[in-house]
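Could you build all of it, start to finish, from the sequences and the hints given here?
There are 2 protein chains.
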Amino acid sequence: MTIAQQHSIDHKQSIGEWINWLADYGKTEDGGVTRLLYSESWKQAQLSLQQVMIQNGFAVRFDEVGNLFARYAGTAEPGSIILTGSHIDTVQNGGKFDGAYGVLASLIAAHQLYVQHGPPKKTIEVVSLAEEEGSRFPFTFWGSKWITGQSTLAEARELVDSDGISLQQAMVDAGFGEPIPQAEVKESIDAFIELHIEQGILLEKKQKDVGIVSDIVGQRRYTVQFTGESNHAGTTPMSMRKDALRLAAEFITYITDQSEQLDPSLVATIGRLSVSPNMPNVIAGGVECSLDVRHADSELLDQFEDIVDQFMQTAKQKKMEMQLDCWLKIEPVHLSDRHVEIAYKQAEALGLSYEKMVSGAGHDAQVFGATCPTTLLFVPSKNGISHSPEEWTDTAALEKGVELLKSQLYALAYE
Amino acid sequence: MTIAQQHSIDHKQSIGEWINWLADYGKTEDGGVTRLLYSESWKQAQLSLQQVMIQNGFAVRFDEVGNLFARYAGTAEPGSIILTGSHIDTVQNGGKFDGAYGVLASLIAAHQLYVQHGPPKKTIEVVSLAEEEGSRFPFTFWGSKWITGQSTLAEARELVDSDGISLQQAMVDAGFGEPIPQAEVKESIDAFIELHIEQGILLEKKQKDVGIVSDIVGQRRYTVQFTGESNHAGTTPMSMRKDALRLAAEFITYITDQSEQLDPSLVATIGRLSVSPNMPNVIAGGVECSLDVRHADSELLDQFEDIVDQFMQTAKQKKMEMQLDCWLKIEPVHLSDRHVEIAYKQAEALGLSYEKMVSGAGHDAQVFGATCPTTLLFVPSKNGISHSPEEWTDTAALEKGVELLKSQLYALAYE
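Here the protein sequences come in this chain order: P and C. Letter by letter, the first sequence follows residues 1 to 415 of the numbering used here. Letter by letter, the second sequence follows residues 1 to 415 of the numbering used here.
Think of the hints as simulated: they come from the structure by calculation, not from any bench. Take these hints with a grain of salt, some might be off.
[Claimed, not checked] Here are the simulated DSS-like pairs of lysine-lysine, each with C-alpha atoms no more than 30 Å apart in a straight line:
(1) P:Lys382 - C:Lys316
(2) P:Lys356 - C:Lys318
(3) C:Lys242 - P:Lys382
(4) P:Lys205 - C:Lys318
(5) C:Lys345 - C:Lys205
(6) P:Lys345 - P:Lys356
(7) C:Lys316 - C:Lys242
(8) P:Lys186 - P:Lys205
Here's what the structure looks like:
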């Protein structure tokens with residue numbers, strides 16, 4: 001029996017069917033998926049994936065923190081790794097496709113290439129990353145940050161979930177946390193390729209098969225506080241009010257208008273807002289809101305911060321207080337121009353329509369992108385919905401992504 | 001011993017001291033007062049007031065629902081009642097002055113007149129109204145509405161508080177609820193006079209001793225709902241968004257600007273607002289907010305409603321939905337011009353500075369004002385604060401109100 005014949009990934013089983021299979025681990029009542037880091041459903045999903053990998057001739061290993069790797073060793077340059085994959089964890093009651101698609105597509109693509117062309121020249125390694133979402137512990141990209149050395153256990157292990165369980169404890173309970181000896185041969189990740197659903201409506205609106213990502217936006221998140229004076233809604237004339245909600249409303253209008261004027265690809269979102277004391281007949285004395293700003297150019301984010309700062313003057317004129325606190329700052333990542341170029345040519349060769357685009361969402365690709373040439377490919381998301389049981393992409397659309405991923409893997413590992 | 005000598009309201013005890021005495025019933029940790037309708041603290045306050053009334057020579061009675069009356073019978077027209085007072089109940093952790101001041105000031109004023117001038121020609125009756133605030137049951141002005149026949153037990157008794165106790169049950173538990181035989185002599189309320197703290201900052205800002213109220217505003221309360229589309233804050237370009245919070249912010253700015261332009265005495269308040277799903281990285285799909293609008297002219301309130309309706313067009317242009325639901329409509333009440341005229345002259349005679357004003361808050365006077373000539377008098381509230389332990393008026397200022405109330409009572413019951 002040849003290695004090819006041993007492989008049991010059934011070619012008749014579509015990527016859509018594979019996704020449904022994985023979605024059973026952590027399935028929620030309304031058809032969503034909850035697979036939080038190191039939870040039972042997360043563990044069962046990783047172990048089941050491990051079985052599939054073994055059955056399909058991959059050399060399989062877990063690392064210390066629970067990232068799962070499946071390898072077809074390279075014949076010419078075994079120490080040069082072309083890594084491909086995505087994350088296995090989900091948000092609370094998230095969708096079936098976010099992360100899972102990239103893991104399964106990578107397995108299918110690597111396997112089909114192996115069946116068709118035999119072992120690659122460089123090592124192809126599929127990774128099912130332990131964590132990306134930050135849904136259980138207040139920490140994102142744990143899997144990719146661990147692999148690239150951008151985070152250490154010392155940084156992460158004290159973090160606790162909403163039940164007070166530490167990341168360290170959860171990791172040990174799931175069977176990880178033991179140091180793993182390094183491979184004797186010096187290895188390096190030559191490239192990373194991630195295939196993901198878009199989680200936006202651009203590809204659908206433009207009717208494109210795939211998105212080829214040139215940049216992942218930088219993000220800044222702020223908490224904005226407005227302090228006015230709580231007063232009786234009936235007895236305080238409009239001219240004597242210090243209405244914090246009226247000020248916050250002006251801010252929201254100003255900020256969203258300004259973001260449109262500054263650059264069409266800048267996004268500014270006020271998604272969370274709370275009013276104090278929040279009673280119909282009392283003028284708002286305080287408002288706290290979030291502000292999430294994203295763009296691929298950090299200079300533009302600086303400019304935007306200046307615009308936000310300018311609004312402080314408006315608050316002062318109205319004799320109210322405004323405080324701005326930046327609590328998250330993620331720099332933009334520019335992905336490999338060479339990889340993007342390859343992906344264009346391949347998409348054309350495959351007859352796929354494509355869009356060069358910026359990713360407004362964060363992805364593991366941005367973590368790898370800071371350390372090695374990286375590709376991020378998208379397929380459309382129905383109605384742009386994500387992080388919801390409603391998340392959906394048709395199997396035919398998913399398959400187009402797999403085709404492009406295969407081409408990219410072939411170019412990097414076989415040529 | 002003369003009747004005057006029997007009276008035990010000590011002239012050396014100031015109105016401020018009387019207010020502190022009553023504030024002990026339902027005193028809260030931070031110096032506020034909680035006296036909800038038919039609660040133990042409410043009952044003890046009414047019973048203690050009853051004792052003071054009896055000790056001061058008043059003829060005392062409770063009515064079926066717990067309103068407490070203290071009477072000096074008129075010598076010439078005993079069936080013509082000049083009623084004066086306010087309410088005994090408070091909001092949760094409210095102030096000492098709201099309501100209580102009017103009850104105690106009325107007792108002091110009536111008693112001092114009696115001591116000085118003997119029995120009145122018309123009957124003076126002081127009332128400690130059972131309920132005004134609507135803090136326990138979802139029903140306001142229960143005391144005055146019962147007296148004026150504007151509400152019946154059938155309407156009110158099924159209402160339940162937050163513990164599921166019905167108003168009927170609470171009333172019976174407090175010792176009320178039994179029908180009381182009507183007086184054989186035909187009686188009628190000739191006039192109602194209420195003295196109250198302003199609960200606003202106008203008198204303080206204008207440095208006036210007293211406010212003489214010509215009108216009590218009409219109120220309309222709405223719930224406004226904006227429906228957009230919840231989407232990813234990173235992947236949805238600004239131009240493709242249906243951001244319900246951005247729309248709500250425009251609405252708040254528009255509505256508050258319009259109210260200032262329409263009439264300087266119109267007030268429009270958005271005090272309560274909630275966002276859905278209320279997450280920093282998700283565009284708001286829904287916003288619900290309150291809208292409280294008040295003015296003394298109901299035509300202006302109609303005009304304002306038209307302005308609010310016009311905003312629906314903005315929502316439509318942005319392909320979002322907006323719903324407006326008016327759930328409370330209280331008509332404005334114009335108080336007795338004759339009483340107002342008397343009060344001006346008396347304030348001048350007493351050397352008090354005064355302001356003719358509109359009450360932006362609701363008061364029992366508006367309920368009586370719909371059925372008999374009514375006076376509503378205000379004293380300043382420090383910083384306009386009310387419904388809070390911070391509520392405050394200096395005793396000297398409170399006393400000026402008592403003087404004006406005495407003059408008004410004298411004019412109506414003795415002349």
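Status of the hints after comparison with the structure:
1. Of the pairs offered as hints, the one joining Lys382 (chain P) and Lys316 (chain C) holds, with about 24 Å between alpha carbons and a cut-off of 30 Å not exceeded.
2. Proximity of Lys356 (chain P) to Lys318 (chain C) is assessed by CA-CA distance (about 28 Å); at most 30 Å being required, the pair is judged to hold.
3. Using a Cα cut-off of 30 Å, the hinted pair Lys242 (chain C) and Lys382 (chain P) holds, with the two alpha carbons roughly 17 Å apart.
4. A hinted pair counts as satisfied when its Cα atoms are at most 30 Å apart, and Lys205 (chain P) with Lys318 (chain C) qualifies at roughly 18 Å.
5. About 23 Å separates the Cα atoms of Lys345 (chain C) and Lys205 (chain C), which keeps this hinted pair within 30 Å; it holds.
6. Proximity of Lys345 (chain P) to Lys356 (chain P) is assessed by CA-CA distance (about 12 Å); at most 30 Å being required, the pair is judged to hold.
7. Only pairs whose Cα atoms come within 30 Å are accepted, and Lys316 (chain C) paired with Lys242 (chain C) is accepted, the gap being roughly 11 Å.
8. A distance of roughly 46 Å separates the Cα atoms of Lys186 (chain P) and Lys205 (chain P); the hinted pair therefore is violated under the 30 Å criterion.
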